[in-house]
Amino acid sequence: MNKKTSEMRQKLFLKACLLNLFFMFLFAGTLLAQQLKVTGTVKDSKTNEALVGVSIGVKGTTISSITDADGKFAVVLNSPKVVLTFSYVAYSPQEIAVNGQNKIDVNMSATETQLDQVVVIGYGTQKKSDLTGSIAVVDTKDVMKVASNDVTKALQGQVAGLSVQGGGEPGAVPLVKLRGVGSFNNTTPLYIIDGVPTPVNDYPMSDIESIQVLKDASAAAIYGSRAANGVIIITTKRGKSGKLKVNFNTYYGVQNIANRYNVANATQYQKMVNTATYNAIKTNPTYSGDTLPLNNPSDPRFSRYNTNWQKEVFKTGTIANHNISLSGGNEHSTFNTSLDYFDQTGTMVGNGPNYKRYSFSLNSDHTYGNLKFGETMSYTYVDQDLMTFLKDGTAVSFAVEAIPTLPIHDKTTIDGYSASDKTLDGSYSANVIGMNSMIQSNTKRYKFFGNAYAEYKFASFLKYKLSLTYDRSDFHDFNFDPIHNLGWAYVNSIASMNDNRSEASTSTIEQTLTFDKKVGEHTINGMIGTSVLDGKSSYDNAYALGFTQPYFEQISNGATTSVIGGSAENRLVSYFGRVIYGFQDKYLATASIRRDGSSRFAPSQRWGDFPSAAVGWKINKEEFMKDFTFIDLLKLRASWGKLGNQEIGDYGYQSQINPYASYVFGGTLNAGSAQISYADPSIHWESKTTSNIGLDASLFNNRLSFSGEYYNSKSSDMLLVVEIPYSNGVYSWLAPTINGATVVNKGLEFTAGWKDRKGDFSYSITGNVSTLNNKITSLGYGNNPIYGTISKSSVGTSVGELYGYKIDKIFKTQAEISALNTTAAQKNGAGQVYQYLYTSPGDYKFKDLNGDGIITDKDRTYLGKSIPNLYFGLNLSAAYKIFDFSLAGNGVSGNKIYNAINASLEYGGGADQYSTRMLNAWTPSNPNSTTPRVVMGDPNGNARNSSRWLENGAYFKISNVELGVTLPSALLRKYKISSLRIYAKGQNLYTFTKYTGFDPDFGSDGLFDRAVDHGSYPNKPFNAFSGGLPNPRTFMLGLQLGL
Amino acid sequence: MKTKKIIILFVTIGLLFSGCKKNYLQLSNPNLQTTATFWQTEDEALLGVNGIYHALGYDGTFMRFAPACLDSRDDITWSPSPWDAFFAVAQFNLAVTNYMPEAMYVAHYDLIKRANAAIANLPNITYTVHPEYKDRLMGEALFLRGLEYMYTVLFFHHIPLILTPPATSADFFPKQVDASLVWAQIYKDLSAAANLLPASYDAANLGRATKGAALAYLAKAHLFNKDYAGAGPIFKQVIDLGVYGLMPNYGDNFTDEHENNQESIFEIQFQRMNQPNLNWVGAPVANNDHTTARAITYAPSPFGWGDMAIRPWLFQEYKQEKTVAGGDDPRLKASITYDYPGCTLYFQNFRQAFPYAGADTAKWATMFFARKYENVNSEANEFDWRSGINERLMRYSDVLLMYAETEIQLGNNAEAAKYMTMVRNRANLPNRTAEFTAATKTQLMDQIAHERILEFCQEGHRFDDIVRWGWLSDPTKLALLKSHDAEWNGYIPGKEYMPIPEIEINTNPNAVQNSSY
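Residue numbers (our numbering), protein chains in the order written: chain A, 1 to 1043; chain B, 1044 to 1560.
Bound-form chain A, shown alone (with noise of 0.2 Å):
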């Protein structure tokens, strides 16, 4: 029934979609037609093609054309003696007097050198060479290359200073962050997509036309507020006036995960086992356990079965994404519109994850004399099965960890799958393919965006814009938990089921005067604005408990029912402004401001500043310069800003009273009250401030580009959950978010760029390199560090700086020991050891660092940094005739990874599975072993926080490797076809690494457990837990075809 209807959702949704194409259709109809007529041909300058839809005007009327498919153009005058303008995207302008010719043919250049390339920025444009602040614009055509769901996944690499950090689950979004860690509490950068804030996950790729990268505070000052962890400006494809373009884009992939661990068989786990129980009961008089009888060859119930459970779980996942576009328009109103399916099914076996996406995007743009309006809009429809399973962890980590001793399936449980048994093996392995198999989880989002505005120029060099926005996301999150055992730990004996459903807005208005004038040398842009923002959100969360067999998934079929719901709003209100000024060409200066005002602050805290100022010199353009011809640009510039940061929960400078914490009296249940945390009324903006200089040059006729720029940001009093002591009552996740750290992040970026053609053949090398140097200059409540799950963040340290004890060796006899707690107890009192009661030969020795003859927790040190200190990326392409070539690639290094995985396979104190690595474990036959005793229980704390399960975490991974062939137009043009490829590739085909775990390119929290490796990070959207696939192999092949 389900299914039925969200066929019938998507078959309303396309008939929706059609409707509104054939809108544009009548837009895009009609020529005008007159008396006295010019004809002639448009052609690039250089390649000698005809160019299609070239904007042909008459100057000082509203007379137009543009140019048909054979670049071939007419149009009518009223006089022989006026002025043609031919204006094409990215070719230079041209003017051309008529004088009586009715024959005018025109070659026009392309402007395609960067240089002159006009980039985005915020509330405006500027050339690309003018630029004072920090903004990389990013190479579209290499991002695309990459099939994700996320656009961010595929600017890993990419842009010096962004690091992006992500799993490969369907639905994945990956963690951003701009120039090292700036913020605790949320560090995505602000994306910006055609002027508008809004989220850009679930956004389709092929709709996006440029990225812009704003690094600096001066390029992101003018977004004040928001723009701390740095901005990222998308545009998406609008229409260009000429006949109508059709574009078809398909791909289709497979995917695996390529590594393995490697882990004990049958015989290898039983022996583990039992060598444990062995230990134990030798060794620790308090433990009471048997050989467990699935262990014990002389049990009936001993087990034979053999099960290789990452062969079982793991299966081929695929890829596919199809997208329509259609574009064109005349020279009053343009549009493009496209349709794109996006499906990838995850590379577990079971329910999902897979994730299914529908979008429709329109965008139009009108002129109407001195006014210009247009919209874009744009729907997505996602549809989401999560990987489930039960309690911490991760499904992959299930899997790996899953004892081989339990089949699969097994007819006689109450679910047909395995369950590990208490008594039986002891272990709290989970049938992962059970779980996610019988209980779903499944999460639909409903996004609409749309944008609509209206500009009028009231001189050539005054305009002022209007922009409304209204950006609304719908979720649908169900989960059912049949009846099931699948494993002691995991027995659920009441099916349950959750069905929630919330909403979230956001409405923005946004005015802005933009004054843009050369006067002699000088060129003045200057801009105000304000902006008005509000952000609302609620949900209802309906909760059934009790569900007869055969399940009907409904609310209304469980025995008891519960409701639960709220809502929360968010206001901005902004004013801002910025000037940008140049010299001569040669001297340029920016100088902008933002002043924001947020509901998330108490009154007196809530307006915040932002400043910014920047300047540049065009060296090259200098006289003592003009010899040096092969320079083409060579700009010294250097920056400072102010940005913010609000990023925090709403109503967060309120402490609340939970009206929740009721209590039964007399059977029946009370309403009860109660401060449950505390909150700080003076929290306030968190500040960042940066410098940044640097130096852009580009030489031999613009094939050699270089890039390369310092920065040195300090966030100040950064907005951060920190735990107070326990002893206040108040959970650490539950402590207030105060004004508590200092951070600076400096680093260095390079990029460069080499380009060439040689006749038929063509070819480009781009590289990136950038460091980053993150340090806590202060910290919390008085300094007080800030601990991870293997971390401790100090003044002084990174972000999330590994912390432990550190091994010594391993205890070969009794006697080395023994004489340790001697000195134990002379030191420290009688009965007090060296580590613990029961450490034995086999274990670890680790160092007693502040030498008081005892190991405590004073014993930890640093163990290293989770943030790699250098990130690096590589483009090459190449092309010949037909043929092209690509391959990317990136990495990172200096960081350490906590192989947690390894963790649990290496604990050697439990049933649990066991790695291959712990077969060479210490016995007394075995004295020189540098892996530990395995012993239940682990005495000795071999397993706790040290440096035994820190990997090195560099690596460099060939992100992708393309191969495409273009067909010769000649051939297409019977078919009326004007462009098709074809192209093979393959990604994330290799990683060169030390890591030995699934990928060292793995999601985490990327804060304070971002070294901490689970196979990925799990996302808890509610009460099922999920996610957590790593990266996977892809081989896929598409077609792009153009009509």
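Since the hints were derived computationally from the structure, they do not count as laboratory data.
Hints are not guaranteed to be accurate.
As the list claims (entries may be wrong) - Distance condition first, Cα-Cα at most 35 Å in a straight line; then the derived DSBU-like pairs of lysine-lysine:
id : chain 1 : residue 1 : chain 2 : residue 2
1  : A       : K463      : B       : K1065
2  : A       : K127      : B       : K1047
3  : A       : K881      : A       : K46
4  : A       : K282      : B       : K1520
5  : A       : K463      : B       : K1047
6  : B       : K1047     : A       : K240
7  : B       : K1525     : A       : K858
8  : B       : K1406     : A       : K282
9  : A       : K372      : B       : K1065
10 : B       : K1520     : A       : K827
11 : A       : K411      : B       : K1406
12 : A       : K372      : B       : K1047
Claimed, not checked - One-sided excerpt, in silico: chain A residues whose CB lies under 10 Å from chain B:
id : residue
13 : D680
14 : I724
15 : G729
The beta-carbon is built from N, C-alpha and C at its ideal position, and this holds for glycine as well.
Once you have looked at the hints, place chain B on chain A.
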């Protein structure tokens, strides 16, 4: 044309800076009341005090860990759990990062925090509609704070004594105090509470703290500090209140029938609501359940998690005496599930429930599991995680035996024998009053230990008894404990207290770790 343009220009500039309403940025949380407007009315006073009781039901308080921690450390209960939150506690081998002490520390202080807020704010409220609230609510808050400080000081020993809500963030970092100061405050809170609280409630308010509860815990506090002269009269005061008596059927104290009965002096109220949120930790939500996880934790696998099991010597302890009719002590089968003909659990015969084969059948004779507070007669297993059985934290028989202990210490054997006999009579054990009256103090203390084991096994008292009686520094008794329960081999001096959780040490520069950790 030009003037028109200029007019439009000015209009737009006006538009550009036409601000929003002055209060546009002032938003209040539509879901929750702020602290600024709370603690103003009588109704809020009641809500605030009810909210303190709510904190009794967290994982770290009495939903699971407080009873589990107390029982697993004694010599009756042992933990076959593979989770170190249980087995490491039972083996006295706790790492400072262990989850159990962490969850317990924060949950107990959460309750103290709520009580402190009430104690600070209740005096500012005028009571007109419910004049009875004035004393009662303050009494309840003081009782709960005193009770929690007693548990917290017994668990952690070296703790901060926080009595007021933090005024500024500087107050977030308290120093620990000597345990004697905590005990002094417990005396103060509980005696004040005893003076404010009523002796009983109407049916709708059953479960609230009473005068008897405050007195019983006050007396217990004196007993734990060896102030027998102080403790005796207070215990007697509880007895003389005349509102308590022993239930004829011992087993009625551990099921969800007969809750808040005549024997119950203070009882944690649990109730199944079939709500999704089990309220383990954190902020309460609207769809919290009010159940305990004790049942699933103590229930043997495959009916529960099997984190707790019972040592066989307890069975022998019960077998030491026959009832007057020559049968087993009725408390045996009410307390333990084991292999006897007709034993069922969760509607299954004992041997069907644990289907061992061949030589393994010898195991049946070694298997003893909790029966108290388990839904063995009403559910198929405990895997819906929800048990609604109230935890009887203080029973009248405990007052009787603690009073007897006090009198033994004071040398009043006859008085002690009288109350010991009262408890024995309910179990139909032979009358040994004369023998007890004639016994030495040592003999009687051993007898009290025996009586308490039979009466209170797995009710969270045995470990405190062992500590109170000084057995930890008595080599003979320590050897006895080790012979009862091999987990005791891990005990070294100082491990009778839990570690101050590492999260407290990490976040509070004033916190000092307990010795031996």
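Taking the hints in turn, this is what the structure says about them:
no., hint, result
1, K463/A <-> K1065/B, "holds, 29 Å"
2, K127/A <-> K1047/B, "holds, 33 Å"
3, K881/A <-> K46/A, "holds, 17 Å"
4, K282/A <-> K1520/B, "holds, 25 Å"
5, K463/A <-> K1047/B, "holds, 15 Å"
6, K1047/B <-> K240/A, "holds, 32 Å"
7, K1525/B <-> K858/A, "holds, 31 Å"
8, K1406/B <-> K282/A, "holds, 21 Å"
9, K372/A <-> K1065/B, "holds, 33 Å"
10, K1520/B <-> K827/A, "holds, 28 Å"
11, K411/A <-> K1406/B, "holds, 27 Å"
12, K372/A <-> K1047/B, "holds, 18 Å"
13, D680, "holds, 7 Å"
14, I724, "holds, 4 Å"
15, G729, "holds, 4 Å"
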